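Based on these hints, arrange chains B, C, D, E, F, G and H on the given structure of chain A.
8 protein chains.
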Amino acid sequence: MKLQKGQKLLFIGDSITDCDRARPAGEGLFGALGKGYVSLVDAFLQAVYPELGIRVVNKGLGGNTVVDLENRWQEDVLDQNPDWLSIMIGTNDVWRQYDTPFIPEGHVYPDRYESTLRALVVRTKPHVGQLVLMTPFYLESNKQDAMRATMDQYGAIVKRVAEESGALFVDTQAAFDAVLKELYSATLAWDRVHPTQAGHAVLARAFLKAVDFDWNKK
Amino acid sequence: MKLQKGQKLLFIGDSITDCDRARPAGEGLFGALGKGYVSLVDAFLQAVYPELGIRVVNKGLGGNTVVDLENRWQEDVLDQNPDWLSIMIGTNDVWRQYDTPFIPEGHVYPDRYESTLRALVVRTKPHVGQLVLMTPFYLESNKQDAMRATMDQYGAIVKRVAEESGALFVDTQAAFDAVLKELYSATLAWDRVHPTQAGHAVLARAFLKAVDFDWNKK
Amino acid sequence: MKLQKGQKLLFIGDSITDCDRARPAGEGLFGALGKGYVSLVDAFLQAVYPELGIRVVNKGLGGNTVVDLENRWQEDVLDQNPDWLSIMIGTNDVWRQYDTPFIPEGHVYPDRYESTLRALVVRTKPHVGQLVLMTPFYLESNKQDAMRATMDQYGAIVKRVAEESGALFVDTQAAFDAVLKELYSATLAWDRVHPTQAGHAVLARAFLKAVDFDWNKK
Amino acid sequence: MKLQKGQKLLFIGDSITDCDRARPAGEGLFGALGKGYVSLVDAFLQAVYPELGIRVVNKGLGGNTVVDLENRWQEDVLDQNPDWLSIMIGTNDVWRQYDTPFIPEGHVYPDRYESTLRALVVRTKPHVGQLVLMTPFYLESNKQDAMRATMDQYGAIVKRVAEESGALFVDTQAAFDAVLKELYSATLAWDRVHPTQAGHAVLARAFLKAVDFDWNKK
Amino acid sequence: MKLQKGQKLLFIGDSITDCDRARPAGEGLFGALGKGYVSLVDAFLQAVYPELGIRVVNKGLGGNTVVDLENRWQEDVLDQNPDWLSIMIGTNDVWRQYDTPFIPEGHVYPDRYESTLRALVVRTKPHVGQLVLMTPFYLESNKQDAMRATMDQYGAIVKRVAEESGALFVDTQAAFDAVLKELYSATLAWDRVHPTQAGHAVLARAFLKAVDFDWNKK
Amino acid sequence: MKLQKGQKLLFIGDSITDCDRARPAGEGLFGALGKGYVSLVDAFLQAVYPELGIRVVNKGLGGNTVVDLENRWQEDVLDQNPDWLSIMIGTNDVWRQYDTPFIPEGHVYPDRYESTLRALVVRTKPHVGQLVLMTPFYLESNKQDAMRATMDQYGAIVKRVAEESGALFVDTQAAFDAVLKELYSATLAWDRVHPTQAGHAVLARAFLKAVDFDWNKK
Amino acid sequence: MKLQKGQKLLFIGDSITDCDRARPAGEGLFGALGKGYVSLVDAFLQAVYPELGIRVVNKGLGGNTVVDLENRWQEDVLDQNPDWLSIMIGTNDVWRQYDTPFIPEGHVYPDRYESTLRALVVRTKPHVGQLVLMTPFYLESNKQDAMRATMDQYGAIVKRVAEESGALFVDTQAAFDAVLKELYSATLAWDRVHPTQAGHAVLARAFLKAVDFDWNKK
Amino acid sequence: MKLQKGQKLLFIGDSITDCDRARPAGEGLFGALGKGYVSLVDAFLQAVYPELGIRVVNKGLGGNTVVDLENRWQEDVLDQNPDWLSIMIGTNDVWRQYDTPFIPEGHVYPDRYESTLRALVVRTKPHVGQLVLMTPFYLESNKQDAMRATMDQYGAIVKRVAEESGALFVDTQAAFDAVLKELYSATLAWDRVHPTQAGHAVLARAFLKAVDFDWNKK
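Chains as they are written, first to last, in our numbering: chain A, 1 to 218; chain B, 1 to 218; chain C, 1 to 218; chain D, 1 to 218; chain E, 1 to 218; chain F, 1 to 218; chain G, 1 to 218; chain H, 1 to 218.
None of these hints come from the bench; they were simulated from the model. As the structure is a prediction and not an experimental result, all values here were calculated from the model. By construction, the Cβ of each residue, glycine as well, lies at the ideal position given by its N, Cα and C atoms. Take the hints with a grain of salt, since some may be wrong.
[To be verified] Covered stretches of chain H, as calculated for chain G (at least 3 residues, CB under 8 Å):
hint	stretch
1	23-33
2	60-73
3	187-201
If we strip away everything but chain A, and leave its shape as in the complex, we get (with noise of 0.2 Å):
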């Protein structure tokens, strides 16, 4: 298990990470993580791994692009002081583009994209332990389909960017698409991006793979 006793770890994001978190602060009790896959983290540390006492707090907010999350950054993530900081960002730069595509000032572009990301990553890693990656995902198996091509693209960004500051990388695509083998893809999202519970499961537990945690411990 990488996170250890007494860390505090920082969930950012857009609303898949949001999910109905309390404000301003999305920690603690009465559902105050929201309903989404940090809150799963979040139980799931607690139930096996009571006595490391990790602290967890959602900073995710519905709507935002990573160029929202360079705006609040200083805010909701450096004055944290957060040891480990896990990052899943790039649902709206793309999906703006798609569902309201006359209107460009909410379009975030690839070259935009990349650069605002690295530049975050680059200007937090001294600060934080440890970083995790997760890429943007969209729920839609067929790779030729217009928005998950560039959603694909978006994820290879995060990938890159996750190789060179050598965060850790989960690869929430891949994970989805192991599932849309067996199922259809309205069975996890009405609309391919905001997932059902199971769609949440599978998202908490790439990343709990991706920190070693271990189902089976005693």
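The following block gives chains B, C, D, E, F, G and H in isolation, referenced to the frame of chain A:
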């Protein structure tokens, strides 16, 4: 993995099972399975074993005792024709003795609890492939606490009935006791009864272990 | 223009037809016709052909399959004595196979779909002056997509039944395909099923063309 | 078709334009354009000319007079940089003279109406490619009715300003009068001001005709 | 003053009479008489003639035509045993012909209106001490307006029935016409049907004059 | 009739004047004048003297004492430039002495009441054409009741200030006393302070009599 | 202390007893006993005599008269098998004579009040161990006030019935009169009927004194 | 009785004191004092000692620790000029250590608790006539329970500070322990912290005994 392709798995119980499930049918999309351990079991089954197509149904009902289960058994269990049936009941049978001691109509004492539970199991066994009996639990680490002691007595009844009938037995109290060694009960539940998401993770993991769920399955 | 003075035109279907119509009677003022293509058809008929006094009635019902239509056919169609009847059904018959694959009670497979639709048409034809059959559709441009392929199969059934019965045939999928060549499906519907106002305009225009509506009429 | 690829078309006006649009930005998905003629224009542009990618923005505001428009002109029109601007204003300027005759602060009399509207047009013309001026209207067929007569006077002002400035002119009152020959005004609006969906279809069609929209385009 | 000590005065009619009265019993404290002319009549009777102890009951029901009155006459009029009965009906009988002209089931034409009203009066007269017949009205000053002309026709029927039966006759249209000479109809009602408080004052005063109410009584 | 064409009549006071009026401006359509005597005065002025076009404004505010009036006098009275000003204040000045006797900050004793009221009248008189001073009242017929006796003392102050300043004087307590001879106070107000509609009719009639309103005017 | 271990004490009455109790069963946790004197009695019995385990049940119902009690006596009193029964009724029997004097159906006059109350007591006495009769009260210190005088008359009836039947008698009016010597009635209740918490403390203390509750018990 | 005529008694604390009090001022009618022990103390003071006219003010605030009290001390205590001040704080200082152990910012450990409480007492003593210090409590009868043991430690601090400063000391834990000998804690509070009405009665009685309240006073 003991669950097989295309099987139907029905959970019945009280508010801990219910957890805001949809009515009348606690199955399908949009949070129909509620927010508790049943939803977690379903999510991880779908995430890890999508090829099995397990159908999970939640028939928990807040406030129920074993006597209430008996009253709705035909409609909510037998008429559903499940392949697997999981029962977790007893919290209210015990709790009412302690929170409203002057209202005896609400109390279900050990004799009645045992005979009713046994009758349900005997009546149902021929019709379902596999039974799972989960103990009720109380999130209090002091075994001399009056209500904890009573709850343990009811847990022992569940164990006895499970052994008699060859049902899978899930000792939820033991699973929680492992966590309570590290965390004070208020972390898992303000009222020592209704768990946080972390408590539901304890329950879901205990169930999944009992059916030989493999977290590391490819 | 095929519609004639004083005729009653009844639409039946699922949520795409329903679109928040009033209950029990989906006709009259104050948005009673809902927010979808039925309301658009009515609005343009009144705006361009006020002298005809066409009475439009909406009997769509969210979640319906062809089997649900059959159950309410006497009351909601025959008892209404429409001069024109337009049917658009099949979305849920197909969708449930893909979003809740483990709950087969909700699925309506092609054989049952075809025989039920045909029976309704045969039973109704003698009582209405003119029938319009609109295909169900799926806002996915990839014809190899599993659900799109199934939906096309249902569309072909509608075409077959229309030809047999001499009903007017409206190929809504073809109408959408023309738009999907230019716009990604997420622009028209986040879930690829429930269209935006623009999607309803596609449907209304396809219907109005089929009845020889003249946009440029003085 | 006068609108060209990639252009931005902004509508400004009162509650008839507003019609429950989103705030602050009346554009994008989820009904952001409101429920009136602006939404219909957008829907048919997207449905019939998807390849043009016209961006429609709604800046109508309930209760506005031409004086209110003037107060928010910089922010809501000039700062938006539209290629096309459509103005329909005057209803409240007139109506307040008739429904609250004792509160003169709310009245905008013809002189002020004309000079304010002209000033806005003169100021804006250099910055937008094309202007559309739509008359206000009153759904009363009796031209001797006091409020109808006043509204016609304001419509004449709009026509004059349109001619002076070379703007496209849309005579909404004339469009409605054609319908009012067949239907009593209560069919189109209980208060003779806020139209039903059919009335909005009249407005949308009048606008679309003015920009040479082709209903029968393949 | 024609009303005498301890008498019960019942008003029946449509939404103008109803005006948010309590259900099922429109009498007593806390606004039970609604916000319209019935409440005003009651208020001034109590304020000026407290010693008479007149009991006022409101049985108006929104949307009612004379046919609807007939359907509830036994329960809502005869079973109440009023000493005085005031009827004002006809608005909806006429309005539906104009606002939903294509839905003829909702129309009550003059013949049916007259015969139904006459039958109710004949049937009721032996059981109540005094009848008051109030005309329906339309807040439109142009007597050539189609709906106004029809409403006048219904008013004439009320007058005829009043004369035949010896009922007190209240010409509400005439009372409003006096005001409409000075004020545009929109001041009294946006939809020309449901009056403001000022319009209800016109109605209340017309009624009170008919029963010889003395404003200057000590 | 003392009110003249085109005059503005402003009422100020506490909750009895306020009565749910609109904010910030208590004038215009849609119940903006509230549900009390102000609305009744306005309604009957419009119904009987439509040719005068009297503009009625309600600036009552629930809970106000004369000290609260003083604090908002510039904005809510002087800046409004009324031709007529009607003041009814004092209920809360007295009531707080009786319902929360231990909280003296809320009490306004006779000296302060008199000096504050006189100062407001003196300051305002030069700016308004006509002043009306209405006494506060208490719906208790027993003049020996402690709170009634105090209220009478405040009423006497109002009378004195009216006489000094030549204002019209309306003795609301006397008007109510006439009714209380016949009806127990609970018929007019459960709390002896906030009247029913009948109580507001008493107030409106007392006001209208003071301005020589003619009920029988043609 | 007259109450003994394990006894059930049932209160019946009107809104003063009801005070927002739970339905259908006014007993148990979470404010089920309401917010009035019944809840206070229960709270102090539990706080001071926890070893007695007294079960308190609230069956008050807002608006009830003694006639309403009679209608639900079998179900709400006899079927409950209480050891102690406390009755406080009469407020509405009197109040309706004063607040809605023109609606005689709502009035219960002294003869009917006395005979009905006596019949209930006679019928019930054999089945309950101990009866408590509490007078109704009116928070008006002036004994010449009409409604107070009537209420005193009803209180005298309660006293008479208590003496005949050997019930414990609680003179709530006397208890309040002691307080009203110091405080004006508006401090205890705006409507002189529904007491503040302080008024309920007066009632609870009067009851507890009657059963020899010992405040200073260790 | 230690409280004297006309004194002001202010309570400050956390949610147990707050209990839904009005904001910003927790005093006056209509439940402004909340639903807890403060309201009970006020009610019985008014009921039994109406002639003293004690003014009770509630300044409790949910979630507060002693550090939060310090932050609002000037405004909420000193500026109020109370004659008596009662402090009950510490629950959250302790609870946060047990329910959210991983969020140390929320914890107030014994040293800081003691120094902060002492500083407040020292600073305030010269300005109030009499101080009452109430211990925090935990409704757990097992003194070896971790959180109970900590709470007892905080109670001991309160006792020490009370002795040093000559404040009246109220041992709420001891008062509850007497009840917990008879009743299981769940009867008094599901979360062992927020008491039922019975628990508030324990608190109110403990306070009233400390000020020599005489239940049997005439």
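Outcome of the hint check:
Here's how the stretch 23-33 of chain H fares: 3 of its residues keep a CB closer than 8 Å to some CB of chain G, so the rule of at least three is met and the hint holds. With 0 residues bearing a CB less than 8 Å from a CB of chain G, the stretch 60-73 of chain H misses the requirement of three and the coverage assertion fails. Coverage of a stretch by a chain is defined here by at least three residues with a beta carbon nearer than 8 Å to that chain's beta carbons; for the stretch 187-201 of chain H and chain G the count is 8, and the condition holds.
In terms of the numbered hints stated before, the structure departs from hint 2 and from no other.
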